[in-house]
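Enquirer: So the sequences go chain by chain: A and B.
Residues 1 to 94 (UniProt numbering) make up the first sequence, in order.
Residues 1 to 131 (UniProt numbering) make up the second sequence, in order.
There could be a bad hint or two in this list.
Said to hold, decoys possible - Pulled from the structure, derived: some chain A residues nowhere near chain B, Cβ distances all over 10 Å: (1) 4; (2) 9; (3) 12; (4) 21; (5) 83; (6) 85.
Unchecked claim - Per the computed footprint, the stretches of chain B lying under chain A, defined by three or more beta-carbons under 8 Å from a beta-carbon of chain A, are: (7) 68-74; (8) 87-101; (9) 104-114.
Hints in this document: simulated from the structure, not taken from any laboratory.
No experiment lies behind these values; they were computed from the predicted model shown.
Don't be surprised by glycine CBs; every beta carbon is placed ideally from N, CA and C.
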Amino acid sequence: MTDVFRALDDETRRLILDELAARDGQTLFEICTTLTMRHGVGSTRQAISQHLAVLEDAGLVTTERRGRTKLHHFDPTPLDAVARRWPTTGKADP
Amino acid sequence: MRIQLTSIYVDDQRAALAFYTDVLGFTTHHDIPLGDDFWLTVVSPDAPDGPELLLEPSGHPAVKPYRDALVEDGIPLAQFAVDDVESEYQRLTGLGVTFTQPPTDIGPAVVAVLDDTCGNLIQLIAPKTPA
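Given the sequences, and given the hints that come with them, work out the whole structure.
Expert: Structural data, given as structure tokens:
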């Protein structure tokens with residue numbers, strides 16, 4: 001299991017989560033296209049695939065098959081642990 | 001030098017011809033029996049003398065692993081230009097076509113990716129400044 005902090009310690013991986021948060025359920029091709037065209041990320045498809053593997057290992061990305069195509073989804077659940085550790089509100093944790 | 005013909009592998013040539021003509025709107029150019037298969041090409045009605053797309057049988061053993069790997073990652077095998085991706089998306093989804101990527105603004109163009117029902121993904125593109 002990759003540590004969530006290590007998974008987030010990379011600009012490209014944060015951009016991937018931004019794009020999946022904006023539109024959930026994307027193929028590798030779509031992620032690569034938007035990273036290149038919107039963010040000027042010049043990484044290879046293989047490199048993006050490895051970034052996705054790190055995010056998946058950290059539980060921040062899940063994959064599912066729709067037909068013969070693999071789609072990637074953003075799962076913010078691991079971020080709850082961060083918010084619980086350092087609550088952003090003055091109120092006590094429930 | 002000109003690009004006169006390019007090909008994609010299709011699972012079933014007759015089903016592919018129906019999809020590429022009736023649904024996508026191309027025109028049959030050649031449909032010539034060739035053994036058990038056909039020399040089957042379509043062209044755009046906008047460019048009847050333009051490049052032909054050969055709908056080639058997918059029987060070769062290398063085709064399946066090649067296409068499976070591309071489809072898994074959502075990678076299209078061909079790109080067709082349209083005037084308006086959004087209106088094509090509406091028209092084609094109305095006809096039951098599945099898209100793996102809805103119309104997406106990528107800056108210089110709008111793109112979308114559809115499943116051609118014959119084993120391939122196809123990208124539609126409308127450049128914002130005509131080339």
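Enquirer: Run every hint past the structure and note whether it holds.
Expert: The hints, checked one at a time:
The Cβ of residue 4 of chain A lies farther than 10 Å from every Cβ of chain B, with a closest approach of about 25 Å, so its non-interface assignment holds. Interface exclusion of residue 9 of chain A from chain B stands, the closest Cβ pair being 26 Å apart, more than 10 Å. No Cβ of chain B approaches the Cβ of residue 12 of chain A within 10 Å, the least distance being about 17 Å, so the stated non-interface status holds. Non-interface call for residue 21 of chain A relative to chain B: holds, since the shortest CB-CB distance, roughly 15 Å, exceeds 10 Å.
Interface exclusion of residue 83 of chain A from chain B stands, the closest Cβ pair being 31 Å apart, more than 10 Å. With a cut of 10 Å on Cβ distances, residue 85 of chain A stays outside the contact zone with chain B, its closest approach being about 36 Å. Restraint check on the segment 68-74 of chain B versus chain A: 5 residues with Cβ-Cβ distances below 8 Å, three needed, restraint holds. For the segment 87-101 of chain B, the stated coverage by chain A is satisfied: 3 residues place a CB nearer than 8 Å to a CB of that chain, which reaches the threshold of 3.
Counting residues of the segment 104-114 of chain B whose C-beta lies closer than 8 Å to any C-beta of chain A gives 6; at least three are required, and the coverage claim holds.
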